[in-house]
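Protein chains: 2
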Amino acid sequence: MQTDNGIARLAQRTRIVLVRTSHPGNIGGAARAMKTMGLERLYLVAPLKYPHADATARASGAGDLLSRARVCDTLEEAIEDCTLVIGASARQRTLPWPLLDARAAAQRIAESPGEAAVIFGAEQSGLDNRDLERCGALLRIPTNADYGSLNLAAAVQIVTYELRMAAQAETPEAPETPLATAAELEYFYEHLQRVMEAMDFLDPGNPKHLMRRMRRLFNRARLDQNELNILRGLLAAYDKARAAKQT
Amino acid sequence: MQTDNGIARLAQRTRIVLVRTSHPGNIGGAARAMKTMGLERLYLVAPLKYPHADATARASGAGDLLSRARVCDTLEEAIEDCTLVIGASARQRTLPWPLLDARAAAQRIAESPGEAAVIFGAEQSGLDNRDLERCGALLRIPTNADYGSLNLAAAVQIVTYELRMAAQAETPEAPETPLATAAELEYFYEHLQRVMEAMDFLDPGNPKHLMRRMRRLFNRARLDQNELNILRGLLAAYDKARAAKQT
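Chains as they are written, first to last, in our numbering: chain L, 6 to 252; chain G, 6 to 252.
Hints are supplied without guarantee of correctness; some may be wrong.
Any copy will do: because identical chains look the same in the list, a pair fits if it lies in one copy or spans two.
Calculated cross-link-like contacts (lysine to aspartate or glutamate; reagent style DMTMM-like; alpha-carbon spacing at most 25 Å) [as the list claims (entries may be wrong)]:
1. 213 with 181
2. 250 with 151
3. 54 with 106
4. 245 with 205
5. 250 with 208
6. 54 with 81
7. 250 with 59
8. 245 with 202
9. 250 with 202
10. 213 with 81
11. 54 with 85
12. 213 with 82
Please keep in mind that the hints were generated in silico from the structure rather than gathered at the bench. Fair warning: this is a prediction, and the values are worked out from it, not measured in the lab.
Using the sequences plus the hints, can you model the full thing?
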């Protein structure tokens, strides 16, 4: 019915990131779900209990994948080289981040040439606002409005299933210019914030509000390296003009 | 993102049939998976152990669905009024039955007007040849050729997810904030160009080159009114700072 080639290529550049997972059994269940669909790269950000016998037990035949899982202290560390970061979100968000269903998110990943991450928050609380600000889009799995209680492994199962389905269909187009990585974007946002502060543009009482909007805009746009360089050049030109004025 | 109407109608005429299930926990897990996706009608054919505390525990908030499950002695009884019966099959079959992937099977059910059933065999042995002969088609979930070990609840999760996706008529998302118009974008680009010129940032010999990149970036991002206002505010703040310096 299909070859494994598409998913094998996608698996090389696509990671699943579990953030602050409470129950180690869910880590094992997620590893198993990933492996059934041909995904391989599991990142664990600050798991509450890990390693743990429950994780190993629920991983079943996916223990190899679990033993290769990379444990990170922070989300930033887990995604620093990613050019596409999508956050799984069960809740309605007040902040209007671009929202994709699982299928559209998987298609976007399949079409995108670089390193990609799908991040899943803690079982009860999900991703927090700081996590969300690292994302280019949110992913929602359509569920029953009266009972949306997908457990973490089930959510990973559906997302990885969609990745497998999307990988069968797509071959990514190579962009002319490489995309900016998450770490590069962070430098840019820090610089932008300093400039906006120097301009008295940010509300000192709530500087994060505008910055969040700027993140949302530029994450959505998926800056390439050239564009990022232009924008950083603009900020540097402002700094230089300001320094010249002060001397 | 979608209404529940499509799946509510489909749920009225679509049943999930678990045949000779060995582990009652899997029955509970299947009930939970069904309910998350808005499916409601569970049939159990000759379950090995049922009712059972493991089933109730794993059903979690889907106990209502479990308590309404219909227990039958034979598959024939469970599907007698169905006009479409699709058998989930993990194995390659010698019998050349029409084979659909989960997505195509769900689409066929959504398009078919009558009572439909998806039947799942026992955990280890699957459906036997007598069961298969009751099916109009087989359904296979694409999995890793080296590790296709989907558990029963995970398989039901994916199939019911596909049923939900097939049932829901997509309605495009309305953006919360109106998008910027082409005319507004033109004002913004003109202003951006003036600021970039004032900063000596544009190459006087080829000012259009960088501006074209900026247009491409912001057009791709599809700015909404709020975002446009922030960006124009930034440019205005720069103008003001520059005017103050000159006086």
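Consistency of the hints with the structure:
no.: 1; hint: 213 with 181; result: between (33 Å within a copy, 19 Å between copies)
no.: 2; hint: 250 with 151; result: neither (61 Å within a copy, 60 Å between copies)
no.: 3; hint: 54 with 106; result: neither (30 Å within a copy, 37 Å between copies)
no.: 4; hint: 245 with 205; result: both (17 Å within a copy, 11 Å between copies)
no.: 5; hint: 250 with 208; result: both (24 Å within a copy, 22 Å between copies)
no.: 6; hint: 54 with 81; result: within (20 Å within a copy, 47 Å between copies)
no.: 7; hint: 250 with 59; result: neither (62 Å within a copy, 65 Å between copies)
no.: 8; hint: 245 with 202; result: both (15 Å within a copy, 14 Å between copies)
no.: 9; hint: 250 with 202; result: both (17 Å within a copy, 17 Å between copies)
no.: 10; hint: 213 with 81; result: within (18 Å within a copy, 36 Å between copies)
no.: 11; hint: 54 with 85; result: within (24 Å within a copy, 49 Å between copies)
no.: 12; hint: 213 with 82; result: within (22 Å within a copy, 38 Å between copies)
Comparing the model with each numbered hint stated earlier shows that hints 2, 3 and 7 do not hold.
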